[in-house]
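In order, the protein sequences belong to chains A and B.
Going by the numbering used here, the first sequence opens with residue 16, and the numbers climb by one from there.
Going by the numbering used here, the second sequence opens with residue 10, and the numbers climb by one from there.
Hints listed in this document are in silico derivations from the structure and should not be mistaken for laboratory results.
Please note: incorrect hints may appear among the correct ones.
Unchecked claim - In the SDA-like style, the derived pairs of lysine to any residue whose C-alpha atoms are separated by at most 25 Å in a straight line are: (1) 278/A x 96/B; (2) 278/A x 91/B; (3) 278/A x 14/B; (4) 278/A x 140/B; (5) 278/A x 20/B; (6) 278/A x 252/B; (7) 278/A x 108/B.
What the hints assert, rightly or not - The following residues of chain B were derived to be distant from chain A, with all beta-carbon distances above 10 Å: (8) 89; (9) 114; (10) 129.
What the hints assert, rightly or not - One-sided and incomplete, this derived list gives chain A residues near chain B with beta-carbon spacing under 10 Å: (11) 36; (12) 41; (13) 53; (14) 79; (15) 81; (16) 116; (17) 117; (18) 120; (19) 211; (20) 215; (21) 276; (22) 277.
Note that the Cβ used here is the ideal one computed from N, Cα and C, for glycine as well.
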Amino acid sequence: MSALATTPAAGTHRPARTTRPSLARLTAVELRKATDTRAGFWLLTIIALAALGMVLIQIFTGSAEDRRFAEFFGGAQLPVGLLLPVVGILAVTGEWSQRTTLSTFALEPRRERVIAAKLSAAVLMAVGVVVASLAWAALANVVAPLVTDADASWSFSAEGLGRVVLFQVVNVLVGTAFGLALLNTPLAIVLYFLLPTLWTILGSTISALETPAEWLDLSSTTMPLLDGDLTGEAWAQLGTSLALWLALPLALGLWRVLRSEVK
Amino acid sequence: MITVEHLTKRYGAFTAVNDVSFTCVPGTVTGFLGPNGAGKSTTMRMISGLTPPSSGTATVNGVAFRDLPNPGRHIGVLLDASAQHSGRTGREILSLSAQLLGVGRKRVDAMLELVGLAGPAEKRRVGNYSLGMRQRLGLAHALLGDPSVLMLDEPANGLDPEGIFWMRGVLRDFADRGGTVMLSSHLLREVEAVADHLVVIGNGRIVADGAKDELLHAGGLYVRGLEPATLEKALTEAGLSVQPTRDGGFSVAADAESVGRAALAAGVVLLELRRADSGGLEEMFLRLTSHHDADDSTKDAA
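So here's chain B without its partners, still in its complex pose:
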């Protein structure tokens, strides 16, 4: 369980994170989405006690990070897979932390096995690891203390498609066993496949927060007509919120009947009218992160 309440971080006149609140509950994977520089990493560093917040609080399992006795046994944190001593071997890095956490050598063996670094790879220095291998080691490191919460910043960075698929499996499995997972990404697709819950941040503010399916639905309908210009005019005149998509169609925040009637009234032939697919979530993501200042209504979801 991660609880973030009114977290704010200011650097002089610049507000990197602005009054951010959300919760990650056990048994779910929360995708923390936002473009680069939106404040994702700053928020995660504040949760893990590495950056002092200007105001607000964050707790893990109800306790402030600093007050967790042996935090690694409660929350596994991976903020930057490359932030490891390049001169240590993968096994040595895990063994050091295992010693601090008070978990045995068997746990190190099991984690190396789990992330596919057991064998010759574990004896190589991390400086010679690919980014994908570092991410694997970082995940092993986060899981080392057998925590109930995982917080990962851009864990799919540098992983090949197979690695991404594998990591999804590990995180899904972790959540299905009652664990709490929070992972950040600037790529919607990456998170979409594994998350149950989405928190979207843009320019330091939460612009959307809700169940993935709900937010998908909020993407509305997709409609495409024979004469796009006429269709857009008809939908706009019917008072519907219309957003052109790249392929000449529109995403509309309305029910199918309203769209159908508007098209009928204008005499436009419809070629497609359906629930917006996952691409709709992407449109939403782009829209929310670029228009969040103007569009206050989306913040009500937060």
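Okay, chain A solo, but in the shape it has when bound:
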């Protein structure tokens, strides 16, 4: 190997000082990991296309007064809210199924920092997707009046944007927490979709569960974030349901990941 003689490859000069990789750098690496595989890339592409599809449907359905920027934007959130959590799940469980934890945790043995980076990356992706859906909504709002009757109003508030960002951030964090608690891709995806739905069905059929459901059913407690009906009670209900669906699996996941043996 001529390379051996010319590269400092096997050189062993010691770096005088090394510093821990910053959380920003770890987050950048996690963002790259979420997008550099076929599964990650196509999942994000499908999310973007589904959001586009949603605003296109809105152009041709519903009533004219609903064809305005804020409504297009709101509609685009539904497929995003459904699929983005899967990105969060895969960001965690993919490492276990592909056994890349061996090198991930050998390069950053402080596993809590890796988890923090994964959560940060998930939040950034949620923000990124919401920003991208602003573009789809704007496109739809320009096109709609050309092809049909449309209100085409651009009225939109920063408060509304903030609520929607929070909605998507909450969703993707819940997905990531499920991934951490279960460390298994199919199990985490199935339970993520099944458990809250089951809860919703139970809450609506069994009258005794009606009140608990108002406080613990994530799909109903997060709705005000999209509708804008954020009363004090709605915030309290959102917080309670997040304790169950976010804080609990996150704590369980942290405990598992920090203690487990990586093989």
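Keeping the supplied structure of chain A fixed, place chain B upon it in accordance with the hints.
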């Protein structure tokens, strides 16, 4: 420098690694030998902070792995070459880690070049790599942070003879420049050619630890006579430790004179009497790993 002190790992009633201590010093290649399931990988995972030990400590350059700032700049670890995302290309895997380590793209290019994966191979997904190519990528990954210590678990697995020869060259060169190398294997021959120091583990315990030449010498003498049965009887009666070898000879832990005199006294014609060759190390390896419970004397070397 890798220092392991009284490392123990228990899984319930089963003790996978039992009070293991050894040191890998700069400038040397340490072969970590043992049959499958002896505790090699568990020990290496404990050194790299992936498995919490039940008791004992391990340090790299004097620091516990967890406390190393950016560990990849100090120790390159390759525990399982197949533990990479099959959907990423070889280059992408190195680039990801390079970003985390804070080394540039040039280092990625240099490492791909070094392990012979530069060009079309670097753009292929690792799922399509042969095991040998994964080992090469794993070595490139371990070297990426320009560490002073390398720890490799069965790195020769899946490499062709030429690849094994090449890897020996890389590891030898790394150690000769002052680096510390620890590599494990269940095949003695693989390690024999490159290691200066051997640590042998069997059933979770260190059964031999010393310079390779010393341990080779400990393999003793090889003697073969015209009448094997008579020779064995004579040597045993002379109080020498005799171990029959597969070819009808014996390995004897004694000096040539004692063996010669015992043979002379019994009137046995000797056909061979010499220092045991590398095969002796193999016999030692087999003996140590199968008889270590009974033979406590070998543990004194540890």
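Tested hints:
1. Distance hint between residue 278/A and residue 96/B is fulfilled; the C-alpha atoms sit about 20 Å from each other, no more than 25 Å.
2. Our distance criterion of 25 Å between C-alpha atoms is met by residue 278/A and residue 91/B, whose separation comes to about 12 Å.
3. Taken as a hint, the residue 278/A and residue 14/B pair is honoured in the structure, with Cα atoms around 22 Å apart against an allowance of 25 Å.
4. This hinted pair checks out: residue 278/A and residue 140/B have alpha carbons roughly 18 Å apart, not beyond 25 Å.
5. Between residue 278/A and residue 20/B the CA atoms are separated by roughly 14 Å; this keeps the pair inside 25 Å, and the hint holds.
6. Straight-line distance between C-alpha atoms of residue 278/A and residue 252/B comes to about 39 Å, which puts the hinted pair past the 25 Å bound.
7. For the hint pairing residue 278/A with residue 108/B, the CA-to-CA distance comes to about 24 Å; that is within 25 Å, so the pair holds.
8. Distance to chain A contradicts residue 89/B as a non-interface residue, since its nearest Cβ pair spans about 6 Å, not more than 10 Å.
9. Even its closest Cβ contact with chain A, about 14 Å, leaves residue 114/B beyond 10 Å, as expected for a residue assigned away from the interface.
10. Distance check on residue 129/B: its Cβ is at least 17 Å (rounded) from any Cβ of chain A, clearing the 10 Å threshold; non-interface status holds.
11. At about 6 Å, the closest approach between the beta carbon of residue 36/A and any beta carbon in chain B falls short of 10 Å, and the interface hint on this residue holds.
12. Given the 10 Å rule on beta carbons, the hint for residue 41/A holds: about 7 Å separates it from the nearest Cβ of chain B.
13. This hint holds: residue 53/A has a C-beta 5 Å from the nearest C-beta of chain B, less than the 10 Å allowed.
14. Checking residue 79/A against chain B by beta carbon gives a least distance of about 46 Å; that is not within 10 Å, so the hint is violated.
15. Here the hint on residue 81/A is broken, as its CB sits about 41 Å from the closest CB of chain B, past 10 Å.
16. The beta carbon of residue 116/A comes within 8 Å of a beta carbon in chain B, closer than 10 Å, and the hint placing it at the interface holds.
17. Here the hint on residue 117/A is kept, as its CB sits about 4 Å from the closest CB of chain B, short of 10 Å.
18. Here the hint on residue 120/A is kept, as its CB sits about 6 Å from the closest CB of chain B, short of 10 Å.
19. At its closest, the beta carbon of residue 211/A sits 29 Å from a beta carbon of chain B; the interface hint therefore is violated under the 10 Å criterion.
20. With 10 Å as the threshold, the beta carbon of residue 215/A stays out of range of chain B, its nearest partner Cβ sitting at about 35 Å, so the hint is violated.
21. For residue 276/A, the interface hint holds, the least distance from its beta-carbon to any beta-carbon of chain B being 5 Å, beneath 10 Å.
22. With a least beta-carbon distance of about 4 Å to chain B, the hint placing residue 277/A at the interface is held under the 10 Å criterion.
When the structure is compared with the earlier hints, violations turn up for hints 6, 8, 14, 15, 19, 20 and for no others.
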